[in-house]
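Engineer: Let the sequences and hints guide you as you build the complete structure.
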Amino acid sequence: MKTSILATGLSCIALAAAAETPVLTVLTYDSFVTEWGPGPAVEAAFEADCGCDLRFVGASDGAALLARVQLEGASGTADVVLGLDTSLTAQAAATGLFAPHGMTSPTLPVAFDDPLFLPFDWGWFAFVHDKAKLPDPPKSFEELAASDVKIVIQDPRSSTPGLGLLMWVKAAYGARAGEIWTGLADNIVTVTPGWSEAYGLFLEGEADMVLSYTTSPAYHLIAEQDDSKAAAAFAEGHYLQVEVAGKLAGSQQPELADRFLAFMLTEPFQSVIPTTNWMYPAVTPAAGLPEGFESLRPEISLLMSSEEAMTVRAEALAEWQAALAR
Amino acid sequence: MASRIGALIPALLAGALALFVLAPVLAVAARATGFALGPADWAAVRFTAAQAFVSALVSVTLAVPVARALARRSFAGRGALITLMGAPFLLPTIVAVLALVAVFGRAGVVNQGLGLFGMGPISVYGAHGVVLAHVFLNLPLAVRMLLQGWQAIPSERFRLAESLGFGPAQMARHLEWPMLRSVAPGAFLVIFVICLTSFAVALTLGGGPGATTVELAIFQAVRFEFNLGRAALLAAVQFALCAVVAVLGWLLVTPAAFGAGLGRQALLRPPGGWRRGGDALAIGLAAAFLLLPLGAVVLRGLPGLDELPAHVWAAAGRSVLVALTSTAVTVAAALVLALAVARGGRGAGAIDAAAALPLATSGLVLGVGLFLMVQPFVSPARLALPVTVAVNAALTLPFVYRLLLPEARVLLSDYGRLADSLGLRGWARLRWLVLPRLARPLGFGAGLAAALSMGDLGVIALFATEQSATLPLVVQRLMGAYRLEAAAGAALLLVGVSFALFWVFDYGGRRYAAV
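Taken in sequence, the protein lines are chains H and W.
Position 319 of the first sequence, counted from 1, bears residue number 319 in full-length UniProt numbering, the numbering being contiguous throughout.
Position 288 of the second sequence, counted from 1, bears residue number 288 in full-length UniProt numbering, the numbering being contiguous throughout.
Among these hints, one or two may not hold up.
[Claimed, not checked] Which chain H residues face chain W? A few, computed with CB under 7 Å, are given here: (1) Ser158; (2) Pro193; (3) Glu204; (4) Gly205; (5) Glu206; (6) Tyr219; (7) Gln321.
[To be verified] Far from chain W, some chain H residues (derived; all Cβ distances over 12 Å): (8) Met103; (9) Ala146; (10) Gln253.
These aren't lab readings, by the way, just hints derived from the structure by calculation.
Remember, predicted model here, so these are calculated numbers, not experimental data.
Cβ coordinates follow ideal geometry from the N, Cα and C atoms, glycine included.
Structural biologist: Structure below.
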């Protein structure tokens, strides 16, 4: 009883505040919001002329975002969800919690159009290595499997890059995916719960290569003036991670949410993406891309439709588990 | 009348604790659409139980010679070594993993050393790596729990044994073995249950999906499948496993009956001969095993210290506040419960079980359940810090309770009747009997609770916003943004602060006990 009185009181305060300036709540992943992420610049630019208060709420990563949206259900307070990727959007659409955005998708390396989700950035998955320690990296999954190069990867059951790798192998090899994983089993030093553990182990010298993004070397180049890292080009092509945002149907601020989604594809938002989120902006900024973003542009881009990704996930996961659980 | 109400307090407390731990599981289950576990889940359950059993057994077994050596030898720096050896237990898991890898990994110190002798690299990844990591993390706890046991044997008993001409073997049989029978099962239980809920350590060092634990399966069920039924069911299996072991441990414990001593702290007379070398070896090996990876944490962290973003300090302040608040709550509650269980009587078994319950909790299910419970009433972000305090208090309570219980039993059997006949009760009893006699485990327990509360992040991740981030969350966010050097610096800060809190309480307890 006491808690509900307290809760009523608190929500009254919240309502009173809302009456003055409209609040737009954007649910996103943690690294977007931090002071070295895109969040602060985006917030300042959007608040400059929206006459509103933009609030970011962080969840740990893309998968946690979706779980959070589902946990909150229709009673959630968020207006926009930013940071899901295409491995998760079919599941997100199935919740029925998202509303159509009614906008045209920007042009990506592969055709992409989704009535509910609008891409804001993208990147290619790639294996990153140290040029000095591994001057001649494998050029395909098959070469990697045949070599004695050691890799560290992320678990597809707990991490979005891990799930991306699963989709990459599946998209490239289809029915042969299980065989490829069996071949890779002895190259895999270990499987980590998330991206940061894997990348940390790689930097400690525990593996020759790590699953990350083609833009990872650009981070080291730009932020650390270190050009020792490179991403290996694979002949099968590289799987894309497309990060999207969507408007929640239950939003109390639908116009503001639309305005944010439109703002998302403009210069002030897109120009901060490369060196804060370390991904390719969905709309190339006027000034072009920073150094290092052009060094590896895969010729073939792979991407499954979100429905396809959802359908093959269980099977691909079973193949992965069977091949590695020895 | 007053005493009847007094007797009710522990029962109410235990009930509230059980409710706090179990209600979130029910809240998660209530949102489920179906309950089913697949063969992969059962494989995870088997692996989880097996690795936890081996890890706990190895930790406690190795702790016996180390604790014994520390109990009967005196050397320069002994106190500092005992305190420092407790540090691995306080490391955040990811920091511990990277530290272990720096020593035992492919490019680690050990393999570089082996390379000098032309020996091939040994791999740390696999089931043995999981056990190695769990022993690294939990050996300090086992050593400290057993050491407390040795120190709780009244020095008069050792002197009596000496005057009767007992050799080391008879000493072991009549004094040390009964003590171990009463302390070791508790240590085993605590470590077994800690290892049950392990997740990042087991997966990262386990080398692949063969090392899937129940907690990872829960993670997957919640985040990728949103299958709350499976998550709740897995959490229930975890509780059941813990319950089985708790009952076994409970049956095995026989309270040692040494009788009262004058409470003088005397170092045992150390046996000479080969035992001297043996003790030195035990202490040396344990110190190297525990301190080398800690050295790696310091070395990796130092360069990152001047790269720390400004908000790290605010986060550190929040973490300390959270840790101190939850420590105050948990120490008071654990003392009440331990005294009640030591006194025995109706309901002691139930209270004992309730006090062990939080150990078996899945952090993720607890977080999700609490989120579901508060969300209809108030925005979860507003409650980030209070929820973290409550969760930390509940999750650290079993440790403090386990440390207090054996000594509370001794206290009661030695001084209970005397205190009763003197009519010593209430505050006076607490002030003149309980606090001085239990100062050592109270200080150690409070230090442990404070340090563990610093390191915890399982639950806050779901609630926290930028304004309420704690230090562990900042470490994680830095790592997620390529800033590994700054993350290592922040991790060092976290370890330093945790350790300082631990030291203050532990030292305070020992000092107060000595007076």
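Engineer: Take the hints in turn and mark each one as holding or not.
Structural biologist: Verification of the supplied hints:
Interface hint status for Ser158 of chain H: upheld, as the beta-carbon distance to the closest one in chain W is roughly 5 Å, under 7 Å. Restraint check, Pro193 of chain H versus chain W: the minimum CB separation of about 5 Å is within 7 Å; hint holds. The criterion of a C-beta within 7 Å of any C-beta in chain W is met by Glu204 of chain H, whose closest approach is roughly 6 Å, and the hint holds. A cut of 7 Å between beta carbons decides the hint on Gly205 of chain H: the least distance to chain W is about 4 Å, and the hint holds.
Because the closest C-beta pair between Glu206 of chain H and chain W is about 5 Å apart, less than 7 Å, the hint holds. Satisfaction of the interface hint for Tyr219 of chain H is found here, the shortest Cβ-Cβ separation to chain W being roughly 5 Å, below the 7 Å cut-off. Because the closest C-beta pair between Gln321 of chain H and chain W is about 5 Å apart, less than 7 Å, the hint holds. Every Cβ of chain W is farther than 12 Å from the Cβ of Met103 of chain H; the closest lies at roughly 27 Å, confirming the non-interface assignment.
The beta carbon of Ala146 of chain H is kept farther than 12 Å from every beta carbon of chain W, the shortest such distance being approximately 20 Å. Against chain W, the non-interface label of Gln253 of chain H holds: every CB pair exceeds 12 Å, the least being about 16 Å.
Comparing the model with each numbered hint stated earlier shows that all of them hold.
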